[in-house]
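Chemist: Chain by chain, the residues:
There are 2 protein chains.
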Amino acid sequence: MAKTGTTMIDPHGLFDSRPTFSHVATSSGATRFVATAGQVGADENGVVPSDIDEQIQLAFKNLKRCLDATGAKVTDIVKVVYYIVNYDPNNRRHFEPLKAFLNGHRPASTLVPVPKLANPEFVFEIEAYLAIPQEPLKTVDVVVVGAGLSGLKAAYEVQRAGYSCAVVEARDRVGGKTWSVNQDLAGFVDVGAAWINDTNQSEIFALVQALGLKTVIQNTTGNIVQEDIDGTVSQFPYSTVPKKLSESDGVQSMVGIRDKTEAACQKLDIHDPVRTGAELDKLTFHDWVKSQGGGKTALASATVWTRAMLGLEPTEVSALYFLNYCKSGGGLLQMRSDQKGGGQYMRLVNGTQSISIGLAGLLKPDSILLNSPVRTVEQTAEGVYVSSARGEFRCKRLVVSVPTPLYKEITFNPPLPKDKLELSQQNNLGFTNKVIVRYATPWWRQYNLCGMLQSWTGPVAVSRDSSVDEAGQYSLTCFCVGDLGRGLSKLPQAERFKTVVDHINRTVGLGVSAPAPIAFYEHEWMHDQWAQGCPCPAAPPGTMSKYEHALRSAHGKVHFVGTETSYEWKGYMDGAIRSGARGAQEVIRALGTPKL
Amino acid sequence: MAKTGTTMIDPHGLFDSRPTFSHVATSSGATRFVATAGQVGADENGVVPSDIDEQIQLAFKNLKRCLDATGAKVTDIVKVVYYIVNYDPNNRRHFEPLKAFLNGHRPASTLVPVPKLANPEFVFEIEAYLAIPQEPLKTVDVVVVGAGLSGLKAAYEVQRAGYSCAVVEARDRVGGKTWSVNQDLAGFVDVGAAWINDTNQSEIFALVQALGLKTVIQNTTGNIVQEDIDGTVSQFPYSTVPKKLSESDGVQSMVGIRDKTEAACQKLDIHDPVRTGAELDKLTFHDWVKSQGGGKTALASATVWTRAMLGLEPTEVSALYFLNYCKSGGGLLQMRSDQKGGGQYMRLVNGTQSISIGLAGLLKPDSILLNSPVRTVEQTAEGVYVSSARGEFRCKRLVVSVPTPLYKEITFNPPLPKDKLELSQQNNLGFTNKVIVRYATPWWRQYNLCGMLQSWTGPVAVSRDSSVDEAGQYSLTCFCVGDLGRGLSKLPQAERFKTVVDHINRTVGLGVSAPAPIAFYEHEWMHDQWAQGCPCPAAPPGTMSKYEHALRSAHGKVHFVGTETSYEWKGYMDGAIRSGARGAQEVIRALGTPKL
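Just so you know, the protein sequences line up as chains F and B, in that order. No gaps in the numbering here: position 79 of the first sequence is 79 in the UniProt record's numbering, and each next residue is one more. No gaps in the numbering here: position 231 of the second sequence is 231 in the UniProt record's numbering, and each next residue is one more.
For the record, the hints were derived by calculation from the structure and aren't laboratory data. Values in this document were obtained by computation on a predicted structure and should not be read as measured data. One or more of the hints may lead you astray.
[Unchecked claim] Here are the simulated DSS-like pairs of lysine-lysine, each with C-alpha atoms no more than 25 Å apart in a straight line:
| hint | chain 1 | residue 1 | chain 2 | residue 2 |
| --- | --- | --- | --- | --- |
| 1 | F | Lys282 | F | Lys260 |
| 2 | F | Lys260 | F | Lys340 |
| 3 | B | Lys116 | F | Lys99 |
| 4 | B | Lys61 | B | Lys498 |
| 5 | B | Lys546 | B | Lys418 |
| 6 | B | Lys116 | F | Lys116 |
| 7 | B | Lys138 | F | Lys138 |
| 8 | B | Lys408 | B | Lys73 |
| 9 | F | Lys290 | F | Lys243 |
[Said to hold, decoys possible] Incomplete in silico selection of chain B near chain F, CB under 10 Å:
| hint | residue |
| --- | --- |
| 10 | Gly29 |
| 11 | Val34 |
| 12 | Asn45 |
| 13 | Pro49 |
| 14 | Arg65 |
| 15 | Tyr83 |
| 16 | Tyr87 |
| 17 | Asn119 |
| 18 | Ile132 |
| 19 | Glu392 |
Just so it is clear, CB atoms sit at the ideal spot from N, CA and C, and this is done for glycine as well.
Next up, chain F with everything else stripped away, as it sits in the complex (with noise of 0.2 Å):
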């Protein structure tokens, strides 16, 4: 078939119209019809930088947001006015930003100078229309929403027992969480997930050797750099504790909390949370560490905990939640360990979205459909039809692998059961951003540090090495997690970076000098679309003992997967392909016997 999508044309004996923009667009083929409010350079609580450029950089920022809800590309848009005001011909200040946005692409446009705009901040305003090009309706039997790990896996499962099946995907890539960037072709890091086992998360590995993939051992030789809550620097190795605090039981209130959390957690059933720890969610996890006796470095210790394992406080979290987190992962210890058997023990050489490619590499041709986000899901006696940003698909059965906050991006008709709505509106998604710092060299190792440092006052709560050595990729990866990751998100990106680094060169130690680094990464998943948080959801009090029975109930012909519906190593990869194995099941036992 012809192209479908958005054509420019340059008609002939009009002026030449290139590099921004075309004198006509037209769509072709079918196609969604878009349009975008007027975008301004306000952050999302409203507040307008006074610099001007920068103001503008964010109206276009925004105007990227409307296109990732709506699955558009910059190539899908027709059409773009600009409202300017105190317009100077002579110093166009949208037009770099611009034809950075457009990359190449030459909508229509038209540029208004006008007195003001509906706020007097405002300086700059941009909207557009998009045309999406519609694939025909699509018949399967299974409809996968979402193409990270969970989806792909179920995908898979249903493929494998002779099903059709479609994944449809919001972003313009799979791997959901799983995004490791390859930069100037200087190797993977991951900024997002990043870590997998080879010993307790048996489901994630196996598909690592399926799929051949190799891996790398985490670093864990040398001193933790140790921040106190006074901001005392210590150092002590790896597997050990500090030998000194500046509360003067520290080190006791340390490890008396470390003890009491492992021992908590080990007395729940990770299939029934509810019924072995009832109490446990009456109370935040802050309170409970309180009612344990503990103090302020045991605060401080549980706070990096939920920090880094979650990308929230403590105060913002069940304890029954926390403590169910930790023992889906075999408990606190071995979910925090990065040694053999723990959560953080292995990396993938070229990142951990090579085991999402690869597992959609496993599907049939063209199962996959990106920038394509699923806004409606409608059950009717002809089965589910899903209308998806891309085309409309009709299915017996539909998984849905998106996390439970994410629920309220799609309308469900019938509407969701009111504890399934309860609990998704109810969950929240931790701030999480990994500030990647890149090296030409690992010198931290020369100085005898493992590369992790663990900071009771912030900016970074904790790092770590996530070196590739055999692709020359030295970085340490920087946790910037919830109330720090919060602050320093505020700050714009290259102030950012500078604190991070500040940080580490600041706690490394005397006689240690760092050098200058040749590469940041980050991405803040909070503000991500189809993300809105990073690792997993967590349950605030009270909700698990109302809505967790609701967490993997299906709805009608509509099943849900997602790490946090696993009951082993949620929050992980590991726990994203063991739900969506179980969505797999529940979808080929209700459609009958597999047809292989």
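We have chain F; now place chain B onto it with these hints.
Modeler: Just chain B now, with coordinates in the frame of chain F:
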């Protein structure tokens, strides 16, 4: 099927929005969304008229170009937005041009007074949003792009052989460069192709006869008016040469170059011009004339030929191209002759477009889709997909009848072969504008003038009597061609017409009192989106040697016709018909034996 396209709605209780807009406009059925950039009063070089009304007129003209480029009609416009600098509600200068442009159509509209526009000179900008109705996918054996004579002939022959065939035309009419205007029903004038003969233009004449169209013989009774290189005007009977010219050996020089050109062209084999004239492709016709010892008079004479025959200067065309062009019409003398057997022997009482209309009438009903430029052609295993403005076609074979330089308007996938592409990029279309000056009486005849002016100074290069006496249509067709035409084109239309009339009046001689014209007609083919010049693409030196072999070659299942691809009577209607027949034969041969 219900109405597809744009529907205007007048909501109950809103103020009367007639005559220029509606409060609501809506598209119906499947449509293609089109947006234009804001169109301003700047010409193709970005020059902005200082006169405000002229600027507004030019903006509407540019908007019309946008519509033409996408096959849109004014009635396809759903919404317009006007931006006006120094807007005065008591003097709405855009109103009359707008009313004329919309011609009764009432899109939704918004008028936005602004302090300034993108460029400080702009005072008016208009942008449009359109919804172009889409036909459902049509599957036929053959699609023909272009409903000019060559395309129509190809379609007719394909249908006659029993194959289904659709013709897709960019313009709102059939005929291509045959275009006969019958303004105020005052008799037809041809603003495009005008002449045929009944002797050696056997193909076109047979068609004219088959269609029962009435012809009229070209008037050659009386004197030619000759304007010399120094501006001296003389007269001599048609079929003779001037008695005296300003250059001492002028007459001899004029006759000499004529005879040398005739002899040189007769040596060429029209079926293999490159083999028989390779040396001639190394220089321009201008340089060839000089190489033959041609002086000022010879060059002036040669200049009239290339201007009148190709709309080009002798410096712009390969000697081989021009000589072969002459030979295709039997030689310079025959091609230039207005008498029996000559290129300009007969005209059509109802204009030459009546041939195209007649031929279109021989096609099966609903064979032709107008206003539907083809923008993409995709050859796949399932057939050739042709995407046009108003619908998509699938066919087994495609015939493209557009001039080679316009291949750029179509995106071919796979792309055109390099040689064909180079040919299309190097061929030039000339500037030809026939200003037709209409009078109440054929006044020149009473002064023993045949109506032919031949000027070596300009601004008119050649004129001819283009009257149809039996229709009471008396006119002189004045060729504004090559550099002379390009110069005249820069004048406002009224000034251009005045300049042409002044030239006539200045040269008809003492004692001749020409009456005032009663009407003017013209069409600047160079500025026509779907012509981009007239009458026939011509090659500069070097192009034929390299790429002549690619002129008629098919590209997979795509075949190419058009008068320039004919061996005989290139640039003439007879050549167009012959090329169409050749293309049809190629297609029929490829599809198998005729079905009927």
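Chemist: All the hints need checking, so say for each whether the structure fits it.
Modeler: Hints versus structure:
1. F:Lys282 x F:Lys260: holds, 18 Å
2. F:Lys260 x F:Lys340: Holds, at roughly 23 Å.
3. B:Lys116 x F:Lys99: Given pair B:Lys116, F:Lys99 holds - Cα atoms ~23 Å apart, limit 25 Å.
4. B:Lys61 x B:Lys498: Within the cut-off at roughly 22 Å; holds.
5. B:Lys546 x B:Lys418: OK: B:Lys546 and B:Lys418 at ~11 Å, within 25 Å.
6. B:Lys116 x F:Lys116: Distance ~13 Å between B:Lys116 and F:Lys116 Cα, so the pair holds.
7. B:Lys138 x F:Lys138: holds, 22 Å
8. B:Lys408 x B:Lys73: holds, 23 Å
9. F:Lys290 x F:Lys243: Holds - the C-alpha atoms of F:Lys243 and F:Lys290 are around 23 Å apart, at most 25 Å.
10. Gly29: At 12 Å from the nearest chain F Cβ, B:Gly29 fails the 10 Å test, so the hint is violated.
11. Val34: holds, 4 Å
12. Asn45: OK, holds: B:Asn45 within 10 Å of chain F, min 7 Å.
13. Pro49: violated, 14 Å
14. Arg65: holds, 4 Å
15. Tyr83: holds, 6 Å
16. Tyr87: Violated, because the Cβ-Cβ distance from B:Tyr87 to chain F comes to roughly 13 Å (cut-off 10 Å).
17. Asn119: OK, holds: B:Asn119 within 10 Å of chain F, min 6 Å.
18. Ile132: holds, 8 Å
19. Glu392: holds, 6 Å
Violated hints, in rising order: 10, 13, 16; the structure is consistent with all others.
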